[in-house]
Structures are given as structure tokens and as C-alpha cells.
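Given these sequences and hints, build the entire structure.
Chains as they are written, first to last, in the numbering used here: chain U, 1 to 219; chain D, 220 to 438; chain Y, 439 to 657.
Misleading hints may appear alongside valid ones.
Derived coverage of chain Y by chain U (criterion: at least 3 residues anywhere in the stretch with Cβ under 8 angstroms from a Cβ of chain U; other residues may be distant) [to be verified]: (1) 490-500; (2) 555-561; (3) 588-602.
A short, non-exhaustive set of chain U residues, derived as facing chain Y with CB atoms under 8 angstroms [stated by the list, open to error]: (4) 31; (5) 38; (6) 81; (7) 84; (8) 173.
Keep in mind that the hints were calculated from the coordinates and are not lab data.
Don't be surprised by glycine CBs; every beta carbon is placed ideally from N, CA and C.
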Amino acid sequence: MLIDLFPPTVLHALDIAGIFVFAISGALLAVRKNFDVFGIMVLAGATATGGGLIRDLIIGAVPPAAFTDLGYLVTPVVAAVLVMFLHPEVERINRAVGVFDAAGLGLFCVVGTTKAFEYGLGLPFAAVLGVVTAAGGGVVRDVLANEVPSLLRWDREIYAVPAIVGASMCALLIQADALNPVTSALSAATAFVLRLCAIRYGWRAPRAWHRRSATAEEP
Amino acid sequence: MLIDLFPPTVLHALDIAGIFVFAISGALLAVRKNFDVFGIMVLAGATATGGGLIRDLIIGAVPPAAFTDLGYLVTPVVAAVLVMFLHPEVERINRAVGVFDAAGLGLFCVVGTTKAFEYGLGLPFAAVLGVVTAAGGGVVRDVLANEVPSLLRWDREIYAVPAIVGASMCALLIQADALNPVTSALSAATAFVLRLCAIRYGWRAPRAWHRRSATAEEP
Amino acid sequence: MLIDLFPPTVLHALDIAGIFVFAISGALLAVRKNFDVFGIMVLAGATATGGGLIRDLIIGAVPPAAFTDLGYLVTPVVAAVLVMFLHPEVERINRAVGVFDAAGLGLFCVVGTTKAFEYGLGLPFAAVLGVVTAAGGGVVRDVLANEVPSLLRWDREIYAVPAIVGASMCALLIQADALNPVTSALSAATAFVLRLCAIRYGWRAPRAWHRRSATAEEP
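This is how it looks when you write it as C-alpha cells:
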């Protein structure tokens, strides 16, 4: 569906760009964790392809896209090598990385929702898999690096909400039979802008009430 | 098979009840870890559906049950919202939560074993997947929350043993062609009672011998 | 393919030997982490079968080999029981365990590459899955035990490189239509010897440059 909405080359280029920025975020964490060159590559690759891989296993699209397109293999390696040599520079343009990551988030939540729907899943589940596509790689990254997933933490700017909004918009548009290049781009753009605002204004989601109960561990 | 043994509505109601209590345990850990509202929902959902999801991927039942039945999506969200607002109250009835969790353990080890057998797995492997169905969600929960899985720890009451006993009973009954509503309920009840006893009397499984060797890290 | 190159019984015996030594490494970590007997078995089984399981899910070989052959179920249990009672002795022959583990690494990277190619994956991806087969179990082990995967860490002897070399040799031989019992054994042996040298001479892979940047956490 989405595949028909845009020229394949445009979509593929966007896809690879998303893979690239997600790989950068994995590689940067790997450098901070003092991993070696192969650890950097593994974490870059797992971050970049993890979300789509989980989606493809769940919808039964095997072998997953990550194992059929050489771009998914080469791009994380390039990102890893780049970060390995230039990580102080990459950290310095951290804001730019955040912008591209937000773009990847927007793109992937729409692509993931559409692909899951094409494979026959109900729209609520397609939207969930859109969120998994966009945010799953970051969770895989943090689990592999033995960190608490930043997606789940209260003290991080919201990441799930933009993905949920973008994926839900896309699902509602499919429901209304109104998904076209403009509206799907609009869904992705909404998620993108929401994430940018979250970073810019430090938006956080609420925690549980009554945090002073005996069971709460203050950070 | 089990699907034919009981009226579908009864089985479905039990299933959703199991999902609910597993989701509660995920949400409680998320609150303790100081996650935000979406972190609480994600951990509730992953705990509730993780075991069945792994089973379905392994037996090739795609899309997995968790992605075809809206109850699996809505129930963890309800559990997460409930815990978010009422977690001190939920903690206070922790014993009741433990009882329901034990019921979920009993139910899921039988359901999981039966489903895996229906998909053509050998009985020993079906029993293993019954244990995965019952105990896998808790492992997913602990891995996502960056904790040592409580399933594996020595200083926790046994959780694996009741699941292994229930799943093995169920597999032996299938082998003897004697699985019917009564005997399958009996398998689930055995796992349930064993787990309750484990909590009540603090049963633990043995550790490795010679724990004073140089390689042992005392807790 | 490889399945035709060697007598099935020889290949199966090698396979089970590889499963056994990987299970030993999982069980040893479980003892160090103070897990109970079922925790030891779970970690032994997950380490032994994790890499092949991930490969089989990705190539769509369901149910995975680990759930069709009783040897994959019994061998980790035997390894776990052995380590449970004899872990000081097993630790003392740690060097021998390292040699067998290197043999498993060599065998599994070739078997994994070949199986993935048989299931229709492109050669670069088949090689990646060969590495996943050889090294994935160790990553699963470390994630379950809540440790930073030793595969990724800089302060460990290289493990990925021997697997990458072995899997790539195997893929190139398939490309050149020159895979036969001798050349596939040679690929496995190359990975094996490289890993032994890495242990013997403490070979490590490089880390990121400029480790003194503000973002680097010294270990």
C-alpha cells in the first residue's frame, strides 16, 4: 500500500536514512559503554533493524526485510565505522542526530503500521506494530547494552507518545480509506514534530500517583 | 483440543483473567522502577503476553494470539491504569495478587502445552513450551526492567517447578489419551496449589553444591 | 548441503558436542550468579540453543531444530546437573572448556551459514546468521543473567572475529561452488584456531578512537 503511494526509490532512500540514524544512536551508546569495534557494529545493527525485525517475525514476513536488502546490512556498518572514528564530532552534533532520529521515528511508525495491515493484522494491532517498528530498536539497543530502556523511563523526553500518535493516525486513515501520499506523510510529520517538541520543551509523561508509598524507589 | 474441552467463553474468560494478573505484576514492577505511564503499559503488556508470544513464534502460529484478540491489548492497558492510580492499594493486597498469579501460572502451563501439541510438537517440547507460556512473561518483564529474572534466582520461591509439574502432567495425560476437562483442570490445579504452597512455606530449589568455592559470588 | 557432505551421525554427534560445551558455559555463569537448579538449567539451555533458535525463527524454519530433536533438550540438562555438582572441578578445567567452546564456535558458524543459505537467504545474510548461530547463544546467556554481553565488551578476547572469518569463508566457498567436506571442515577449523589464538595471546579488537572525549565512561 504505502509501497504504491510513493516511488519505491524515494521510500527506500527514506528507509535507509532512518536505518542510518538509528544505527548512529546504537553506535554512540556502544562507544559510551566501551565496546570494541564489533560490539559497536552489533549494537548499531541491532538498533537499526531490531524494531522491523520483531514486526516481521510477528506478522510472519520471513525472512525479514533486514535479511533480504543489503542496504540494511551495509548502512549500520558504515554508521558504526563513522561513529568509531568521529564520535566526539557526532556527539557535538547531537541535536542534529536527535532531529534525524525523530524523522526516523515518524517514518517507521507509518511504514510499520502499513506493512502490518498489509499482512492482515487488525488495525489496532497494526498500530501497535507501527510503534514497535519505530521504538523497538531502541529497546533492543538498551537491553543488549544492559541499560534500563530509555523508552520506559520517566526521566526521558517522551518517545512512545509521538509514535503512538503517528501510528494511530495512520491506522485511522486506513480505516477511513483515506491513506494517500499526503495523509501518510502528514502522519509521519505529526510524529516527527511531536518528538521534536518533546526534546525542545522537555516533555515527559506522568508517572504513577502516590510516589511516596513505601514501595517506591526514588531514582 | 483444550479448545474443545471447555466452552470457548469459559476458556476465554480464564485466559483474560490470567493476562490481567500477569499484567498487574508487570505494572507493579514498572511503578517500582519509576517508569512513566507508557513504560507501565509496555511492561504490563510484555509481561502478560510475552510467554504466549514466544510460544507462538516457535510453533509458527503467526500472527500470534496476542495480535489477533483485542482482549490481549485492552486488558494490560486497564491493568496498567489501575496500578498507576492504585498501586499502594494493589501492593497491600499483594497476597491476593500472588494467588491470582498462581492461577494464571496453572492455566497457562496447561493451555501452552496443549496448543504446542496441537501444532505438531513432540510432547517433551510441548511441555517445555507450556512452561515458557507460564513463566516466559515474567522473564521478559525482568529483562526489560534490567533486573535479574526472578525465575532464575535462588532467593525466590520456586516458580518453575509448579509450571514444570503442571505441564508434564498435561503432556502425560495427552500421551495416555486421557486429557479431558477434568484431568486438564486437575493439571492446572496441581500447578496452582504447588505455587501457593511455595509462597506460603517459602519453598526454594537447591543451588549448586560447594558454594564456598572461589568462583562463587555470595549475594 | 552440509547435511549431505558428512554422514548424518557424525554431524549430529558434533552438533550435540557443541550444544554441550555451550550449555556448560551457561551453567557456569548461572552458578556464579547464584541461580537455583532450574535457573542453571534454563541458562544452560538458552545458551546452548539460543543462537540456532534465533536463526531458525529468522529463516522461517519452524518449529526450530531445538524443538524437534530430543538431544537439544537432554544435553543442556545433563550439562547443568554436571556443573551443579562439579562446578569447582569444571572451573579448574576452564582451559579445556575454552577449547571445546572454540570448537563449537567453529562448527556452528559453518552449520549456521549453510542452513541459512539452504533456506534461500543471500550469502552475506547467510554469513551473518552463521555468526548469530555461533555467538547468539552467549548473548542470550548474558542478557538473561543481566550482564553486559561479553561478545560486545572490549576487555574480552575477540569472539566475533573468528566467527565472522569462518562464516565468510564458508559463504565464499558456496559462492565458488567449492563447499565440500574438506573445505567446510577447513572453514570451521580456521574459526577454531583463530579463537584459540585469541585466548592464548589475549587478542582484543580495537575500541573507538579518542577515548578521552567527555562522553567516554572509563571502565
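A quick look at each hint next to the structure:
1. 490-500: As far as the stretch 490-500 of chain Y goes, the hint holds, because 4 residues have Cβ atoms under 8 angstroms from chain U.
2. 555-561: holds (count 4)
3. 588-602: With 9 residues in contact (Cβ-Cβ under 8 angstroms with chain U), the coverage given for the stretch 588-602 of chain Y holds.
4. 31: With a closest approach of 4 angstroms, the residue 31/U hint holds.
5. 38: With a closest approach of 4 angstroms, the residue 38/U hint holds.
6. 81: For residue 81/U, the interface hint is violated, since the closest Cβ of chain Y sits about 10 angstroms away, which is over 8 angstroms.
7. 84: holds, 5 angstroms
8. 173: It is violated, given that the least Cβ distance between residue 173/U and chain Y is near 31 angstroms, above 8 angstroms.
Checked against the numbered hints given earlier, this structure breaks hints 6 and 8; the rest are met.
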